[in-house]
Amino acid sequence: MNLARAARTLLVIATALIVAWAFIDVGARVARSIVDRLDGSAVTLTVLHWGNTEEEAIVEHLVREFERTRPGVRVQRLHAGDYDAKLKTMLAAGTPPDLFYLRYEDVPDFAEQDMVMRLDAAAIAELDDFYPMLVNAFRWDPDAQRTGRGDLVGLPKDFTTMVMYINLDLFRRAGVAVPYDGWTWAQYRDAMRRIAALGPDIHGGVIKTWPMVLRNLVWSHGGAFFGDDFTDVRLDEPGALAAMQLVVDTRFTDRSVFNATGISQDEDDLFRRGRIGAIGPLGRWMAPRYRKIESFGWDVVPLPHAEGAAPVSAIATVAWAVSSQTKHPEQAVDLLRFLCGREGQVMSSELGLAIPSMRSVAESDAFLSPGRKPANARLYLDMIDHGRLGQNPRLRQFDRILGNEMQAVLQHHDATPAQAAAAVERKWLAELASPLNSRAYGRMPWATVIAVTCVLLAAATASLVWFARREKLGAIARGQQRAGWMFVGPWVAGFLLFVLGPMVLSLLLAMTKWSAMAPLSSAQFVGFDNFVHLFAYDEDFGQSLWVTVYYTLLAVPIIQVAAILVALLMNQAVPGIALFRTAYFVPSVVTGVALVTLWITIFNNDTGLLNAALNPALNLLGLEAPDWFGTDSEWFAVPALVMMSLWGVGGGMVIYLAGLKNIPASLYEAARIDGASPVRQFFAVTAPMLSPLIFFNVVMGVIGSFQVFTQAYVIRGSSGGTNKDMLFYVLHLYDHAFRFHNMGYASAMAWVLFVILLALTLLVFRGSRGLVHYEGLKA
Amino acid sequence: MTTIATAPVMDAKPRVKTPPRPRNLRRVLGTYALLVGGGVLLILPFFWLVSSSLKTDQEISNISQLLPAVPQWGNYAEALRRMGLEVNGGAIRFPALANTIVVTVLCVVGQVVSSSLVGYGFARYRFKGRDTLFMVMLATMMLPAQVTMIPVFLLFRSVGWIDTLLPLIIPAWFGTPFFIFMFRQFFAQVPESLLEAARIDGAGHLQIYARIMLPLSGPVIAIVAIYTFMFTWNDFMSPLIYLNSPENRTLALELNAFSGQYGVEHRELLMAASFVTMLPCILLFFAAQRYFVDSAASSGMKG
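If you're matching them up, the sequences are chains A and B in order. Residue 150 in my numbering sits at position 150 of the first sequence, with consecutive numbering throughout. Here my numbering = 1-based position in the second sequence + 1000.
Here chain A stands alone, though its shape is the one from the complex (with noise of 0.2 angstroms):
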C-alpha cells in the first residue's frame, strides 16, 4: 500500500517536472524570438527546402557560411518532409519563406499566380556556366503559357537525366548482356523474363510511373502527353498507348516486372536487397543510397527505347526561387547566388544526390568521381544530348487525374490504355471547360458587401436589445442576467468569433475564386461557379462523396453494434471483468497519427500482421487475403479503415456499459415472470432503454464520418500520393484549399457538407421518432 503511494507520489513529481521543462523551453524559445523581432537590425531571411538528412546538412553549412561572411544577415533554415503541404500553407498564410526549391513543373503554377521573384539574368554573372537547357527551364513565357524564354523566375541548383539502375549480378547469372550502348523495350522485355525466371524471390524489374517518368515512357516509345497546346491530348496515340501497353505487358502478362501496390511499399528497397534485375527510370539521386550496396555490383545503363525511335530522357530539375513578398530582396539574390554558386555544387556533387547545374562542376571530378559507383557515371551527363522538357499546364489537376487514371490501368489492371487515355482526356477537358478556368470574373465588392453585413449585423443587436430591454426587471434578476451573460459570455465570444463569424465570411468566400496568395481584396466574384463546378465538372467530388458515405454505411452500424455486444459481454458478473474491461478499452485511447501508422504496418500485405494471419486460413478455401490499399482499393480500403476503427472499439463500450447498468432490475425480472427469453428480453427490455444512447451515438457518428481527415492523409501519404478510394471529403477539401489554393472552392465544399450533414441529421431525427424511447421524460 506504502509502496503503492510512493509510486504514485514519484509519478506525479515526475509528471510535475517535465511540465515545468516544456514550460521553460517553449518560454525561452517564445522569448527568444520575440526579442529577435523586436531587434529589427538583424536582417532575417527564411530559406525552405526538403531532403534527407545530407542535404540538410550541405543546406545548413552553406547559410551558416553565407551568415558568416555576411554580417548583419540571419537566415532560418526550414525543412519539410511533406514540402508541398508547407509551401502552400506557408504562401496561404501570407508568410511566404524568402527562398524557396522550385520544382521546374510547378514553373506555370508559381510563375502565373505571382508568386516568385523575377530575377535579372544580366545580373548573374556566373549564368554563362550553367547549361542553358536549365536556364530555360526557368524562363516563364506569360504570353505563350510556356517556359524557356522570357524572365528568369529561378536559379537551377542541381537536375539529374534518367537511367536504369541494374543489378550487375542478376544480369550474369541470367545470361543477359549488360546493355551499356543501349537497348530497344523488346530487348528490355526480353531480359526482364530471362532475369525473372532465376527464382520466385527475383522480380525482373520495376518500371516506375509517376507522371513525369512515364511521360518520358512514353516519349521513348516516340509519343507525347499533350499536342500544341494543352487541350490536345495526346495519350490516345500509338506511342502512349505503346507504352502504357509495356506497362501492363510485363507486369501482368509476363509478371516479369513487380507491380508495387499497396501501403509503405519500397521497390527501392528491394533493389538494394538484391532481388530486382533492372529499376528504372530513375535519376541520380538513387547513387547514394545504393552506394551503400555491398553484396552485389550495380551500375546504370540507358534506358530502353523503342525500335526506330531515338533515346530520350526526362529532366527533372530544380531551382531555389526568390519568394516575390521577401522584405529583402537583395539579400535574398545575393544568398540565391551564394546557394547555387560553386562552393555548394562540389559539396553536392560530392554527396551524389543530383547533378550540378554548372557545366563546369558537372564536367568535373567531384561529380564523375572516379573509384567511386556507379563506375558507368558518365552516363548522366552523356544522357544530357538525349534530355528532354515537357511543357506543364498551368492547373496542377493533370497530374492528379492521370495519376488516378493510370493507377487503374497500370497497378490495378481494370482498365485498358485506351479506356484510361479516354478517361484522362474527359477528365481533363471538363476541368478546362469549367466555367472557373474559361470565365473572365470581376472582383468581389467587399465594399458593398461589408456594408451590408454591417447594416444587418446593426439592425440584429439593436432588435435584441429592444427585445431584451421591453421588459422591466427587478433588482435581483437583473443581478442574475448580468452575472448569467457574464458566465456564458465566453462561449457566447467564443462563438462569434470562431463559429458565427467565420460561417458569414465562408459563406461569402464561397461565392468568389480566391488563392490565398494575393490579398482578399483581389477575390474574384463568380457567384455560384463554384457549386456549378462542384457539381458539373469535378469528377473527384462524385468519388470523395462516394468514399465518404461508404465509411459512413459501413462504420456507423459495424461500430455501434460492436460496442453493444462488447458492453453486454462486458456487464457479465464473472470474476476477473475488471481485466478484460480495461483490455477493451485501452486501445481507443489510441488515436491520430499513431494509430495510423501502427495500422499502415499491419496492413501492409507482404510484411503485415494481417494478411500474414488471414492467408494460411484462406488459402484453404482457395482464397487470398486482399491487398488492401492496393489492387483491391475499390472495396477493401473503407473496410480496412472500418476495422481500424472497430479497434477503438472500447470507447463505445463505456458509454453503452453506462447505460446498460442503469436499466433498473424491475424490468427484467418483470420480462422473466411473463416468461421472455434472453433474446426477447433484449429487444423488448435493452433496446429500448438503450435507443436514446444509440440515438445520439450513431447522430455523432455519422458527422463524425463525415469529417475524416488523418486516417485518409496519412495513408494516401504511405500509398504514392494518389489513392482515389481514400479521397475522402474533408481531404479532398483539405487540398483545394492547401495545396491546389482554391480558398473559395473550397469553401463552397464546406458549405455543401454542413448542408448534408444538416440533412442527414434531420433524417435520423425524423427516423428515429417512435423508435427511440425515453424513459422518465417530461413532456
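Rather than coming from a laboratory, the hints here were simulated on the basis of the structure. Among the clues, some could well be false.
Said to hold, decoys possible - Taking CB as the label site, the calculated pair distances span:
| no. | chain 1 | residue 1 | chain 2 | residue 2 | range |
| --- | --- | --- | --- | --- | --- |
| 1 | B | Ala1203 | A | Val449 | 44 to 54 angstroms |
| 2 | B | Gly1030 | A | Ala665 | 17 to 27 angstroms |
| 3 | A | Val452 | B | Ile1200 | 28 to 38 angstroms |
| 4 | A | Asp128 | B | Gly1090 | 46 to 56 angstroms |
| 5 | A | Pro71 | B | Ser1158 | 44 to 54 angstroms |
| 6 | A | Thr95 | B | Val1109 | 25 to 35 angstroms |
What the hints assert, rightly or not - Negatives, chain B to chain A, calculated, CB over 12 angstroms:
| no. | residue |
| --- | --- |
| 7 | Gly1129 |
| 8 | Ala1145 |
| 9 | Leu1270 |
Stated by the list, open to error - When the alpha-carbon atoms are kept at most 20 angstroms apart in a straight line, the in silico SDA-like pairs for lysine to any residue are as follows:
| no. | chain 1 | residue 1 | chain 2 | residue 2 |
| --- | --- | --- | --- | --- |
| 10 | A | Lys327 | B | Trp1161 |
| 11 | B | Lys1128 | A | Phe495 |
| 12 | A | Lys292 | A | Leu270 |
The beta carbon of each residue, even a glycine, is placed where N, CA and C say it ideally should be.
Following the hints, position chain B against chain A.
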C-alpha cells in the same frame, strides 16, 4: 447470443464472488471464451507494435518471426533522435515534446475553466435568451469544423499567429459545446439549498462557482480533462495547418514527417516512434482508469 442477452439479469444482482453454479458453468465458460478471444484480438496490435519496434532491419521484413532475437532497445534512442531529441551535456532539447506538452496542458486548463464557467451559467442563472442560446450551442455540435476552418485560419493569419502555438491553444479557452453540456447537466443537479446557504453567507457569483461548484464537479473535470488531453495530444489537422517551423512542430506532425521520411526504410524506428507518441495516452489511461470507465455514467448523457 444467449449468454450475451441475459447479461443484464446477472448484473442486476449485487456482485457476489461465489463460484458459479454448475448449470451456469457452460455460460461462464462461453463468456470467458468470448472475452479471451476478443481480448487477444484487441491486444495483438500492441504486441505487434512493441515487438516490431524492437526488431532489427532484417527481422522486420521476416513476417514469420514474431519476436526479435535480441531486443534492439537502441531503436528507441534512434527514433527519438530522429524526432528531434538532442541531449547536449545536461541540457535536453526535444521541441516536439515540449510543444505538445505546453499545448495540451494549456488546452486542458482552458477547456476546464471555460466549459465549467459556461456550464454553470447555463445551469444556474435565469437570463433572457438562455434557452435559445443553449439550443444554438447544442446545434453547433453538428457543425463540421471544416465550414469554419478557412475563415478561422484567415483570422489567425490577420493577427499574425500563424506558426505560433496560439491557434492551437486559444480556441480551447472559449468552451466546447459537448463539455459545457456535461458541466451544465452536473451543476443542474446540485441542490439549491447549498447555493442559498452560500449566498446568505455573502458569497458572490464567482465565489460560489469557485468555492462550491467547481470542487463538487471533480468527476466531470476529470472527464473533460482526459478527453481534452487525448484530443489535443493527438490532434493532427490544426498543427498541420498552423505550424511551419521545425521547432514549433508537435509530436503528431513529427511522427507524420517521420513516416514520410524514414518510415518505409526503417519500419522498426517508425514503430518505436509511434509507441513513444501514444505512450502518454496509455499512461494517462492507467492512471485515471476509474474516470475513463465511469465517464459515460456521469456525463449526463442518460438524458
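Among all the numbered hints in the text so far, which are the ones the structure does not match?
-> The structure conflicts with hints 3, 5, 7, 8 and 9, although it agrees with all the remaining ones.
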